[in-house]
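S.K.: Protein chains in written order, with the numbering used here: chain S, 1 to 159; chain B, 1001 to 1691.
Calculated from the structure, these hints are not laboratory results. Wrong hints could be hidden among the right ones.
Selected chain B positions facing chain S (in silico; Cβ < 10 Å) [said to hold, decoys possible]:
| hint | residue |
| --- | --- |
| 1 | A1037 |
| 2 | F1164 |
| 3 | G1168 |
| 4 | R1196 |
| 5 | S1538 |
| 6 | L1620 |
Pairwise CB distance ranges, derived in the manner of DEER restraints [what the hints assert, rightly or not]:
| hint | chain 1 | residue 1 | chain 2 | residue 2 | range |
| --- | --- | --- | --- | --- | --- |
| 7 | S | E141 | B | L1464 | 52 to 58 Å |
| 8 | B | K1591 | S | N37 | 38 to 44 Å |
| 9 | S | Q125 | B | Y1643 | 43 to 49 Å |
| 10 | S | R75 | B | R1495 | 36 to 42 Å |
With a straight-line Cα cutoff of 25 Å, these simulated DSS-like cross-link-like pairs (lysine-lysine) come out [unchecked claim]:
| hint | chain 1 | residue 1 | chain 2 | residue 2 |
| --- | --- | --- | --- | --- |
| 11 | S | K94 | B | K1240 |
| 12 | B | K1439 | B | K1282 |
| 13 | S | K94 | B | K1296 |
| 14 | B | K1240 | B | K1177 |
| 15 | B | K1591 | B | K1240 |
| 16 | B | K1240 | B | K1512 |
| 17 | S | K157 | B | K1282 |
| 18 | B | K1282 | B | K1240 |
| 19 | B | K1169 | B | K1591 |
| 20 | B | K1282 | B | K1169 |
| 21 | B | K1631 | B | K1328 |
| 22 | B | K1101 | B | K1282 |
| 23 | B | K1328 | B | K1101 |
| 24 | B | K1296 | S | K157 |
| 25 | B | K1292 | S | K157 |
| 26 | B | K1328 | B | K1177 |
| 27 | B | K1292 | S | K94 |
| 28 | B | K1316 | B | K1177 |
Note that CB positions come from ideal geometry on N, CA and C, so glycine has one too.
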Amino acid sequence: MTGSVIDSDVTVAASAEEASPVPQALWDYLDRVGVRNEALRASLARQCLKQARKGAGPQVAEQLASEAIEEVQRRLDRALAQGLGLHPVRDAAKLAGLRAALAMGQPDLSADFLFEGRDADNREQQLARLIARLPIATPPEAHLPMPAQPFHFVFFKSS
Amino acid sequence: MPAATVFPRRIRVLRRVVFFSLVVLTTVAALAMIASAFQQNGITPQELLLLFLYMLLILWVSTSFWQATIGFWLLLWGGDRQSISRLPPRAGGRTDQAPPKTALVMPIYHEDPERVFAGLRAIYQSLRDTGRADEFELFVLSDSRNPDVWLEEEVHWYRMCCDFDAHGKIFYRNREKNIARKSGNLEEFCHRWGARYRYMIVLDADSLMCGSTLTRMVDLMEAHPTVALIQSPPLPVNHKSLFARILQFASSLYGEIFAAGASFWQLSDSNYWGHNAIIRVKPFAEHCGLPKLPGKEPFGGEIFSHDFVEAALLRKAGWEVWLAYDLKGSYEELPPTLIDYAKRDRRWCQGNLQHVRMVFARGFSPLSRLHFLMGIMSYLSSPLWFLFLLVTGFEAYVQSQTMPVYFFGDNVFPVWPESYAVEMTTVLLVTLAMLFLPKIWSLLLLLVRSEDRKAYGGIVRITLSVLFESIFSVLTAPILMLYQTNFVLAILSRRSTAWLAQQRSDHRLSVKEAFLAHWGQTFVGILAGYVSYRYVPSFFWWFLPVLAGLAFAIPLSMLSSSTALGLLARRLGLFLTPEESAPPAVLNYLKDNLAQAAASRLAVDDTLESKIGDPAVCSLHIALLPHRLVKRRQRHQLRALTYQVIEEGPSSLSVPEKRALAADPDSLTRLHILSWAQRDTGNASPQRAAS
């Protein structure tokens, strides 16, 4: 694994601490999970970085990026859980499925509306589209017993 | 036990009497001829052995010959009126309580996900063209262990669901434990979801079926409630190597008469070939659970060739099993080279020889036992032919060394030793005729089918193709004979084979590969040639076709693996099949899907690390993982493995270790975040400033 690239052009302007550069990995990650709106992406990046720095002291860039990406995931899961009325722990698999749907559903799907609150345009429609793309790997089980058949052989040991 | 009208016993008995009488009479006639020749100078022990071997072999050859001949006769007169597809619907019987849905199930194990899903998409596209796709659900039953393949399968599956807007109609399951290989895979499916479906159509990883064929199979099952299984005859398609194209041509041209002939005498007691068949789920689940056989592999343990056994169990329970020889639109792919073909034979050989004890299982019908015996004989015939050639050579040597005695006792008149060259030549010619006449029957059949004639490239090209195919099969038969002899001996000495993924794509064999695979056969060919030429020159010339195949095994195998030669033959119109000259929609769909997949593949980084690092792939994988509790000790082990990946890379882990990590959501999430954070973004991404 190689070291991350810190982009000196990418800056967060809100405060001295926030003026430090946003790791490119974090920026790309937000893009990959479906945050299309650049202003929103920047705002989220700032918030996640801030959260990542909290209590962790000075960190190397890679660690900071990891913590921030973890925070992105947490926020995305929280937004999805709130939007769809899911439990963040019990429905972890479903949330992962929705994350996958968002990431694989681009450009049709975007995660922006999840962070834009209840006033987001076409929120209900977008939620419906997202739910429609939720991965359903298997249908509900409908058991049918399949007992092993006994074999009786004439010249061989029977099963 | 089904209660509806069963297929009339009278017809079954009559047809079988006719068929087996022809087979037995031919065998007896050929044996009588050879025995009378031997008797002229008194039968020696080696001649007795030759008679016994010949009896077994000619029985096998004449079974095949009469099957083809009857099939030819039926097709010449428009087909069999007693085939399952022509029988009127049979009313009565108990109503199947299961919902009238059909599951298309595809068990896979370390196959190329791109090809698997391109094929599955093609089938689904063809099914949608029928307007009846809603009656079906697709199930990919993966047994793949390698996380690389596992993750890729999931992505292909999800993309397919999205592309066809078929969420909740196409399913994917990766089995946690591979118990009992393919039969265990299907068994788990029946156990977990069997009650959802009335029928399942079992596909192989390389199966292709037209939508109209799938719906037709369902209709046939609905019309015949006493039928538990209908097997469609899959035609090999798609490969471009010379080897595969020759075999595709042979199967396409000759296969129909053999299938029609088999259907003639088997009727409702037919067999199951493991895929491209529709199965009534409830009786299958009730009667086809397979136990482990006592003892160790290769004869004990899990049942390798489960299909024959499942068909026998269904028949034992009173259900009908049919071969719908006239169902079109069912396809599969062949191994692309002679070596791959032999590798597949190794597994099939073990599976079929394992059926020895099934022949002696209580409760099976005589015809089920015959199916097992025929399966065994399809491999045992090779060592029998080999032994037959050896004993014939030895006999020829003995004859050449024997000084004729003209005068006995005080008799002054010489007693001339009687030559049996005429009888032996007749026997040889009769045997050869039975081997080659089915090819002629197929050619003759084309004379009355003008459309087919065009599709195969016209009568001149067809005749040339049959001629070249015959030469090719004469040359490769001894190679396969030695391979199969070797396999049978290995299995008899209790050496089992591993469950390996198959090489299905076209690939040219290198000199090294061909040499390593065929040096033994080449050596045997040259040695046998030298010995026969040196000691029995008259025998050498008869033996030449067999010797040539063995001596040239290496170049033959290499040349036949060539795609360039295969395509050249195609340009010349040789070995052309209707599926090549006018491909059905399902094959065109497959071609397009493969092209699209290849185009999108170029843009994707293919390592496991990059797959785990990708939020889409990783999230999808986590979403599909079954919920399971991890013990504290395992948690520590997983953490250690995670750090091993971070420090030494994924290549430092074994496949089971990778699988353990890939099966744990926490470890995976940790790896995913680290992998993304440490990725080299370079300057590829547009650089943005946060406001």
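S.K.: Hint says 43 to 49 Å; check whether the CB-CB distance for Q125 (chain S) and Y1643 (chain B) agrees.
M.R.: Holds - the Cβ-Cβ distance for Q125 (chain S) and Y1643 (chain B), about 45 Å, lies within 43 to 49 Å.
S.K.: Close enough to count: is the Cβ of G1168 (chain B) nearer than 10 Å to one in chain S?
M.R.: 5 Å, holds
S.K.: Between the alpha carbons of K1169 (chain B) and K1591 (chain B), is the straight-line distance 25 Å or under?
M.R.: 23 Å, holds
S.K.: Verify the CB-CB distance for K1591 (chain B) and N37 (chain S) against the hinted window 38 to 44 Å.
M.R.: Check passed, 41 Å falls within 38 to 44 Å.
S.K.: Would you mind confirming whether the straight-line C-alpha gap from K1282 (chain B) to K1169 (chain B) stays at or under 25 Å?
M.R.: 21 Å, holds
S.K.: Are the Cα positions of K94 (chain S) and K1296 (chain B) separated by 25 Å at most?
M.R.: 44 Å, violated
S.K.: With the threshold set at 25 Å, check whether the alpha-carbon distance from K1296 (chain B) to K157 (chain S) stays at or below it.
M.R.: 12 Å, holds
S.K.: Check whether the Cα positions of K1631 (chain B) and K1328 (chain B) lie no farther apart than 25 Å.
M.R.: Cα-Cα ~53 Å, so violated.
S.K.: K1101 (chain B) and K1282 (chain B) were given as a pair; does the straight-line alpha-carbon distance stay at or below 25 Å?
M.R.: Roughly 13 Å between the alpha carbons, so the hint for K1101 (chain B) and K1282 (chain B) holds.
S.K.: Look at the Cβ atoms of R75 (chain S) and R1495 (chain B) and judge whether their distance stays inside 36 to 42 Å.
M.R.: At 58 Å between Cβs, range violated.
S.K.: For K1439 (chain B) and K1282 (chain B), compute the direct alpha-carbon distance and say whether it is at most 25 Å.
M.R.: 41 Å, violated
S.K.: With the threshold set at 25 Å, check whether the alpha-carbon distance from K1282 (chain B) to K1240 (chain B) stays at or below it.
M.R.: Given that 25 Å is the threshold and the Cα spacing comes to 40 Å, the pair is violated.
In terms of the numbered hints stated before, the structure departs from hints 1, 2, 5, 10, 11, 12, 13, 14, 17, 18, 21, 26, 27, 28, listed from lowest to highest.
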